[in-house]
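A.B. asks: In the order they appear, the protein sequences are chains A and B. Be aware that the first sequence starts at 1, since it is given in the numbering used here, and climbs by one per residue. Be aware that the second sequence starts at 1001, since it is given in the numbering used here, and climbs by one per residue.
Treat the hints loosely; a few may be bogus.
To be verified - As a list, the in silico DMTMM-like pairs of lysine to aspartate or glutamate whose alpha-carbon atoms are at most 20 angstroms apart:
| # | chain 1 | residue 1 | chain 2 | residue 2 |
| --- | --- | --- | --- | --- |
| 1 | A | 341 | B | 1081 |
| 2 | A | 341 | B | 1094 |
| 3 | B | 1321 | A | 343 |
| 4 | A | 146 | B | 1144 |
Stated by the list, open to error - Which residues of chain B face chain A? A partial, calculated answer using Cβ under 8 angstroms:
| # | residue |
| --- | --- |
| 5 | 1077 |
| 6 | 1078 |
| 7 | 1117 |
| 8 | 1127 |
| 9 | 1154 |
| 10 | 1172 |
| 11 | 1213 |
| 12 | 1339 |
| 13 | 1351 |
Unchecked claim - With the Cβ distance kept under 8 angstroms, some of the chain B side facing chain A (calculated, not the full set):
| # | residue |
| --- | --- |
| 14 | 1019 |
| 15 | 1022 |
| 16 | 1025 |
| 17 | 1028 |
| 18 | 1315 |
| 19 | 1348 |
Just so you know, the hints here were simulated from the structure itself, not pulled from any lab data. Keep in mind the model is a prediction, meaning the values are calculated, not measured. Glycine is no exception: its CB is placed at the ideal position from the N, C-alpha and C atoms.
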Amino acid sequence: MDRVKRILGQFENAAHHPGQMVREWKQETGRKVVGCLPVHSSGAEELIHAAGMLPVGLWGGQTTISRASEYLQAFCCSIMKAVMEFSLTGVYKDLDAYVSPNTCDTMRCIPLLLKETNPEVPVIGLVLPDNRKINVGVDYLAEEFKSIGESLSEISGQKITPDALQNSIAVFNQHKGLMNHFLTLANEHLDIITPYYRHMVIKSSFFMTKEKHSEWLSQLIDALEKTPSYPWSGKKVVVTGIMMEPDSILNMLADYNLAVVGDDLAQGSRQFRTPLPDGDDPYVRLAQRFADFEGCATVHDPVKLRGTIIKDLVTDNQADGVLVMMMKFCDPEEYDYPYIKMDLEDSNIPLLHVEIEQQMDSVEQVRTRLQAFAEMLRDK
Amino acid sequence: MTKLLAKDAVKIIQAEYNANALEAKERGQLVAWVTSIAPREFLEAMDIVTVYPENHAAAIAAKKGSMEMMNIAESMGYSTDICSYARTNLGYVEAGDSAAGKLPAPDLLVCCNNICNTVTKWYEILSRRLNVPLIMIDMPFSHENEVHDRAIDYMVGQFQHMIGQLEQITGKPFNYDRLHESMELSNQASLLWKEAADFGSAHPCPFNGIDFFNYMALIVCMRGNEKAVEFFTLLRDEIAEKVARGEGYLENEKYRILWDGIPFWFNLKAMFRSLKNYDACMVGSTYPDNWVLPYDVHDLRSMARAYTSIFINRNFDYRIKNMTRLIDKFDVDGVIFHSNRSCKAQDFAQYAMSRKISDITGVPTVVVDGDQNDPRSFSEAQYETRVQALYEMIDQRRAAASVRR
Ligand code: SF4
Ligand code: SF4
């Protein structure tokens, strides 16, 4: 138990100190760092790794929005407001480049603003295809990754060889496997792996090398395997959305005896639930992974499988309900919501829609609603 | 017989178009719901009737019916934050009728994301809700100054894929002859459209630029058809004659204004008054410019390039260059940026653009808050104040210039 706690403390520390993690890495290796904007920088991250640099996830954070309002109207999502604030106030000064995927309409503008406000730092656009499943889509994305790889090589001064990329893919695949393993195991230890710590383990992976994170994960898995499983008597939920922050909301779940047993979060399982397939051409492997992936609001899906994916998560993990963590002003998620609601209601799965922002003045309203939801689940 | 004026003709043609679409559906002709800047030439080639949820939504708003439709969508769980065209249309789908009449039900959907990612989400929902196939045409956003060849390869590959999908849906072989004809006509219409709009550079400006938002409906839904060529010839000639006579829209044209974005469809009058009452004329707009789509009619690559090269699908440098070019060409005195609550794809570049444009050209700019279809996001008084501020800035700039002289 103590060992588990100690390891969790490491993850927590890393998750809370991205700047420090980045500086330490730069000092130790003398190499560069590339900031990866949400949601799907996957593919580019493997390329950054293969070029000998560190990919770092840029998912906003806690801050006061002031300078960013010179660039963004009030109705922009809080993640991108925070990103712009950090960029304008020097928080991102250690980044040597950005990778910016075409996530949503907001993300059509953010790379323009980053370039405009920080012209010396390159912004590499990653344009993922909507027709990702047909051959021309896979071919296009493989070419896109090749071109991004070339830009990244120039920035790092280290050429990306096919072997190096295959090796990076292996590192990332191993990491994905360990993350999924950890999350399965976590459900047997819901007393220790609280919603907060679950998030800390996931979040820290955005700020450190996959190798190191995998090493810590292996230690954590080992320690959890040696700990007797815990019979959780509270209720269990699956969460869906972009992310689950601020931390105060995570702690609230614990307050009301709600455990997170599965997630469909952009900042969570959507990052690692789909492994990179085998293959001889590493660029095609990167592209094919995106073709195989399902169930994100920011990825084209005319069938709208997301409701089914969430239902399966509920069944597989014996969850009692679903929390829809709705990032305020996030169009893609807002478009998905009515069908998620309909699909879950059709299966009699209780759900709670909570609107969140990264910088929330008050979470008390969320508290009241969560409490009521927890009570409802208990009485069911 | 006196010749019909373009502003009357557009109404008649649009009404005919709508009625024909409904009739065609009854006769069993296939109907597609299509996004506004999709390469509709492929559908024209297969005799598929195309109708436009965006146009329909705008028409509903102009007839003051958008709130009713949006209320329905919002009661289903669609957030007030999402595009008000989408909300209006999703509400319409449930209501089945609207202040601007009906759209024939679709047999297929054709979504081209060169305008935004919103349409991708919106059409996914339509596909599931109406249980009809969705043809997705993905036009990659250009971060670099030039559109990459890999993007063109991908788009041409999608065109070929779409041809297969259309053959399957219609059960007929694809009509390449008709495609080329339609490509030819589309180019002609687009060129006429440009010629007409370019007359905005005349002094005085021969037209009220707001009218172009009405003409736009036809370049959207008939580009690639003979009728569009006829209409835009009429429009071009009418304007050319005015220019030849030296006739302006205003008697005393004082301010020449460039507009960025979609208008407030539910209150065009407010736009109209805020210009006319101050002797200001809208001489041009970034928005109608989107349908200037010239390409080589025998080359799908060239067509792909034209459709993906519209300014909202391009990087900041391009947008800045595009706007400075317009300011120069139309001899613009001031720019109004419509920060349209619905259209995040454009909005979040506007603050930076408005400052940069002012820096580069010296022309004053304002950003006004509003929405294309949702009256709740618009305050006429506030709008009026901002526009007045623009006129004052123009006056000050002129005064300063005359002192220097
Ligand atoms: S709008 Fe949504 S998907 Fe887009 S950047 Fe913001 S949170 Fe991410
Ligand atoms: S208004 Fe903007 S967001 Fe809405 S459909 Fe048009 S381009 Fe897309």
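A.B. asks: None of the hints should be skipped; say for each whether it holds.
C.D. replies: Going through the hints against the structure:
1. 341(A) with 1081(B): With a Cα-Cα distance of about 18 angstroms, the restraint between residue 341(A) and residue 1081(B) holds, given a limit of 20 angstroms.
2. 341(A) with 1094(B): 17 angstroms, holds
3. 1321(B) with 343(A): 47 angstroms, violated
4. 146(A) with 1144(B): Since the Cα atoms of residue 146(A) and residue 1144(B) sit roughly 16 angstroms apart, the hinted pair holds (cutoff 20 angstroms).
5. 1077: With a closest approach of 4 angstroms, the residue 1077(B) hint holds.
6. 1078: 6 angstroms, holds
7. 1117: 5 angstroms, holds
8. 1127: 5 angstroms, holds
9. 1154: Holds - the Cβ of residue 1154(B) comes within 8 angstroms of chain A, reaching about 4 angstroms at its closest.
10. 1172: Not OK, violated: residue 1172(B) not within 8 angstroms of chain A, min 22 angstroms.
11. 1213: Residue 1213(B) check fails; min Cβ-Cβ to chain A is 22 angstroms, beyond 8 angstroms.
12. 1339: Holds, because the Cβ-Cβ distance from residue 1339(B) to chain A comes to roughly 6 angstroms (cut-off 8 angstroms).
13. 1351: Nearest chain A Cβ about 5 angstroms off; hint holds.
14. 1019: Status violated, d = 31 angstroms.
15. 1022: 26 angstroms, violated
16. 1025: 23 angstroms, violated
17. 1028: At about 25 angstroms, which exceeds the 8 angstroms cut-off, the nearest Cβ of chain A leaves the hint on residue 1028(B) violated.
18. 1315: Holds, because the Cβ-Cβ distance from residue 1315(B) to chain A comes to roughly 6 angstroms (cut-off 8 angstroms).
19. 1348: 3 angstroms, holds
Consistency with the previously given hints fails for numbers 3, 10, 11, 14, 15, 16 and 17, ordered from lowest to highest.
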